[in-house]
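In the working numbering, the protein residues as written are 1 to 170.
To be clear, the hints were calculated from the coordinates, so they are not data collected in a lab. Be aware that one or more of the hints could be misleading.
[Stated by the list, open to error] Quick list of in silico lysine-lysine cross-link-like pairs, DSBU-like style, CA-CA up to 35 Å:
(1) 68 with 98
(2) 139 with 151
(3) 68 with 151
(4) 139 with 50
(5) 98 with 50
(6) 50 with 68
(7) 151 with 98
(8) 139 with 98
(9) 139 with 68
(10) 151 with 59
(11) 139 with 59
Since the model is a prediction, treat every value here as computed from it, not as a measurement.
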Amino acid sequence: MSDNPCNVLFLCRANATLSLMAESLLRHWGEGRFNAYSAGLYPEAVMHPKALALLEMMKLPTSGLQPKGWGQFSDLTPPRIDLIIILGSVFPEAVAPKWQGQPVIVNWRLVDPIGQEGTQRVRLLAFRNALLELEQRIKALITLPASSLDKTTLGQYVDEIGRTGLVPRY
């Protein structure tokens, strides 16, 4: 990798909740060493209102957060993507675009809070818990010396963060 910031793309199915929350968190905690982006396979028209309200309540960045398709990140135009973190279900290989620069791809397999059933309080707690889980993983991610790691090692560390939520030993 290089001394440039590590460009991270968070992918999920609709790009309405998890990936946008992750983008906001990495923008907040990334300290200029990471650039955060998000996209979806089938993007919704707008960000989920509960996710947006939660980010605003936590004073996390929301400017420019909006669902978008992943096609704009597979084009020949910038930004160069170094790391793709899939949130939620695994994406079908048949529809995956050809990513420029062969970024590292890992899956953090989080449960989307949109599907949570129950009372209003239970559903709100699902969004809060998803945000806290993402925050824990992203705080672990930003401890990595991403610019000095080769792609294989970076992938192993980010995968370990996804499995354990903890800072890997390096």
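Hints and how they fare:
This hinted pair checks out: residue 68 and residue 98 have alpha carbons roughly 17 Å apart, not beyond 35 Å. A threshold of 35 Å between alpha carbons decides the hint, and for residue 139 with residue 151 the separation of about 20 Å falls inside it, so the pair holds. For the proposed pair residue 68 and residue 151, the alpha carbon gap of about 26 Å is at most 35 Å, so the pair holds. Taking the CA atoms of residue 139 and residue 50, the gap is about 22 Å. The hint holds against a cut of 35 Å.
This hinted pair checks out: residue 98 and residue 50 have alpha carbons roughly 33 Å apart, not beyond 35 Å. Among the hinted pairs, residue 50 with residue 68 is consistent with the structure: their alpha-carbon atoms are about 18 Å apart, no more than 35 Å. With a CA separation close to 17 Å, the supplied pair residue 151 and residue 98 stays within the 35 Å bound. A distance of roughly 29 Å separates the Cα atoms of residue 139 and residue 98; the hinted pair therefore holds under the 35 Å criterion.
In summary, the hint linking residue 139 to residue 68 is supported, as the alpha carbons are separated by about 25 Å, within the 35 Å threshold. Under the criterion of a C-alpha separation no larger than 35 Å, the hint pairing residue 151 with residue 59 is consistent with the structure, at around 33 Å. The straight-line distance between the Cα atoms of residue 139 and residue 59 is roughly 16 Å, inside the 35 Å bound, and the hint therefore holds.
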